[in-house]
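A.B. asks: If you read the sequences in order, they're chains A and B.
No gaps in the numbering here: position 332 of the first sequence is 332 in the working numbering, and each next residue is one more.
No gaps in the numbering here: position 248 of the second sequence is 248 in the working numbering, and each next residue is one more.
Be careful, since some hints might not be right.
Unchecked claim - Where chain A lies over chain B, by a calculated footprint (3+ residues, C-beta under 8 Å):
#, segment
1, 2-11
2, 87-100
3, 248-261
Note that these hints are calculated values from the structure, not bench results.
The beta carbon of each residue, even a glycine, is placed where N, CA and C say it ideally should be.
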Amino acid sequence: MEIEWSTYDPGEFYDEMISSPGNPRRAARAIASYLQKLSARQLGRRQNAADLAIAEMGVTFTVYSEGTNIDRTWPFDIIPRIIPLKEWSRIEEGLEQRMTALNMFIHDLYHEQKIITDGIVPKKLISGSKSFLPQCIGASPRFNVWAHICGSDLVRDRDGTLYVLEDNLRVPSGVSYMIENRSITKRVFPELFRKHRILPVDDYPAHLFDMLASLSPRPLDYPEIVVMTPGIYNSAYFEHAYLAQQMGAELVEGGDLMVSADDCVYMKTIDGLQRVDVIYRRVNDEFLDPDVFLEDSALGVRGLMRAWRAGNVALANAPGAGVADDKVIYTYVPAIIKYYLDQDPIIPNVPSWRCEDKVQREYVLANLDKLVVKPANESGGYGMLVGPHASAVERSKFVNLIKHNPRNYIAQPTLGLSTAPTICGQHVEPRHLDLRPFILQSDRTYVTAGGLTRVALRKGSLVVNSSQGGGSKDTWIVDTGGN
Amino acid sequence: MLSRVAERLYWTARYLERAENTARLVRVFSSMMLDLPNGVGLNWRQLVDVSGAHEYYDSNYRSCGERNVIKFMLSDMDTHGSVISSLAMARENMRTTRDLVPSEGWEHVNELYLFARKKLTGKTLLKDRHEFLSEIVMRCQQITGLLAGTMSHGAAYQFVRVGRNLERADMTTRMIDVGSATLIAPGMELERLENRLWTYVLRSLSAHQMYRQYVRRRIQPDQVLAFLLQDMIFPRAVAHTLGEIASCLQDHLPHSEEPLRAVLRLQRLVAEANAEKLRAGGLHDFIDLLQLEFGNLHQLISGTWFSLELDEAV
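Just chain B, with the same shape it has in the complex:
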């Protein structure tokens, strides 16, 4: 298959996953702001930092009030990673690969984008935010399911799968970062607060039930962190997403050696992490390191399949 087509499918999946997870992130942060007592060190600025686009924010927005941050995360067409810009990019990429994807796939993505554009008005942003975000999450999942269930699992689908899992790994670490960002908060009843915080993080990833079922404990921060980083069978855990990428590369795609090495290294890094120690100090830096490595992996994937230059292949 053509490199360009592979690249577009990969980005379609990444942007869809990014839209879904950004919606999750904003949803959980909004509830936390409502539920947690004032003065526990939580503020909207942290959401900007977690998004990874704080430089853009600082040069385009003045204050870090709720209204600005929500606009930045959801409806700013120029933010790389806002819900609306992610959906627009998913749509643009899929538009040009329509012939490789079942037609319902294109229709749903198109409708989802139009829905979001229509709904993203001031009223939705402030009043009906929760319902709106839940619908975005559900519809993104619908599309992911549709592709998994109706697209032949050949090379084209493998690029969808790689894109989805790499983006998911990245976004899960950002959710974890929400937890770590507030660790520094001084105050009373820290332990109880922290438990509640990690419950939110679990919920934001729809991981609450699976955590209970498989870890079989009450919410315990170290255990939650270990679950989200290292669980091999929970689909949004970092270790699982890396396993998925490794399987795509190893079993289905040609010339995958370089990116595969990077995935295996990442897998080791995650497996050897010690949740307890990280939580005691250095979690944010560890998350930064992982995100850097995800970026590196992307470069290798891009160099291997998307941007062939003459000297590489003849």
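Here chain A stands alone, though its shape is the one from the complex:
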């Protein structure tokens, strides 16, 4: 499996490591030549060392469809994905811009709805959205910020253009893998870290803590912050436990909390009830409070919405923030940025068709074999159609779905996602990938240096979700000096 860059060929796709066979990109030159010098045995040994380290750390995730809770290690590829700092700085600005606009948008939707009055976003789009929560109308979270933690998925097309594929404003996961991936790479390739200037990622929990603390209704140096998990059966439980531990916060379940007559939230401890200031909740909106949403939710806390509306506890992300990561709303984000910030978007959207529009819908129905169709309200790659890879039966199923509920679907061209060299058995082969940076926003904004690179391990596959056979890579923002 010795790496020979002249025979590594990504074909028509944009490769993150090389610009053409035998020619590594500038920021990747040093690592490419370093990898080339490793023998097959050395490379194999390092991949084994990484696999062992993962097993030791107990990095696992649970796959929903397996029914019972089976911990499975999350596949990791040791060859890092390289992004030059100069390019990254621009992306960072773009993400901050996007997040700022989206937060202004959400706040507006739950107050005056000026953007609707001004005719930018149609009213029926909002009233018809499952994620728009009437219970949140008029609420004012601190700094008017609703989405505090966002994981936006970025993809690069054949020509090298980077797009925002979607914004995850509900309970995005994956950040713990980003941090663990780095610590594994440091163990596997320590010498590379001495030679390169690679931006660190392990300060994320500290930034997360500071952001959450800034939301506290009580001015305290160490407010009581808790991470609220649906429990051990959730696919991201490992991450919930990890972040709680890293921040020194309690990991709580709904049953650990209660809201008293004073509209404050308390957690039940062996010392008695203790007031909670900030809840980093990893429980979806509909399960948060059985008094207001799903009555039979055992994951939530009765009265939580009351306490939140009274301003006695901060919820991150705020309930209702998910209205802005609806896939149809997504198609309006460039207009939203323009409307609130009077700026052009720094990172473009993937061109999209809205099925609710008759003309666009007809185009979509006629070209299903070329398009990717996404439902408005699902995440994790569930419920979507990848036209070119789908059977005729699947496509006709989607024709019905779209005709039945056009508001719920958008379509996008099938992008030729960029690739990066990945160890596949005895060879190094190009595999498709995306990137999920994490953005924190309260009175200030923080963007992780890079993020989580997810890679589709099956040859030719474009689906990178961990729940659908994806793996991950460490992401290096490399400072090559100069501008």
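Once you have looked at the hints, place chain B on chain A.
C.D. replies: Coordinates of chain B only, in the frame set by chain A:
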């Protein structure tokens, strides 16, 4: 620490201890059935009675043959207190408190459960029973030792300690009950038989050597009973386990007054027991009383730390 977490640690320790002691109980009873002559009044039904789950047994099993009773005690997933269900519960509780326990703790519990599930087949139940039970006992002790030796002895560990000792107290009284259950057996050579019986009880609690060393007598039923109930330094004696619980409550845990009072009352009850009189009559009732009080103590522990309701604390 969170009440829920404290509760799960407490139950982890209880279930581990229950698995170990149930294995001990079945091991000693099996040997007794093999060694003692027929017609001394020993039968498998007594094991069901001692387990405290006879109601469940009666509605789910027909006869009280060896095969049924062994299945009920070891491999019945639905019996509250069978070896396999105790290990499964220990595992479930520890799974969700993994971050507070050294990772080897979780690994060992997980492996032990998987081992038991694999081994608990018809063949093991009848043929290799003794080896299997001895391994369960040893591995449970390994985990107990691991936690004692690698976990900081803060509040989290104190809940492990309380759970372990309360369960141990309860199970020791059940072992004693095995002795008392057969007291009524009529027959010849009663005295010699009885001595052998109590030797089994001592062995089942790994107490035989310590009894010899500290009581320095041949096996004498009154002395054995007094040793198992009242000895302050033998770790499986009831008085010692109560002393451990009292120390946890008094020295390490907040707001412990109510449960502490219950422990102190129990300590008095045990200290004032007269082994000779009890053996002559009323031992089984006394054991019942103790078990009732253990249940009561559990309620107080649960009410104090695990199930906080709003009106109690604000």
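A.B. asks: Each of the hints needs a verdict: does it hold here or not?
C.D. replies: Cross-check of the supplied hints:
Under a criterion of three residues with beta carbons nearer than 8 Å to beta carbons of chain A, the stated coverage of the segment 2-11 of chain B is upheld, 4 such residues being counted. Counting residues of the segment 87-100 of chain B whose beta-carbon sits less than 8 Å from any beta-carbon of chain A gives 4, enough to reach three: the coverage restraint holds. Under the rule that three or more residues need a Cβ within less than 8 Å of chain A, the assignment of the segment 248-261 of chain B holds, with 3 such residues.
Consistency with the previously given hints is maintained throughout, with no hint failing.
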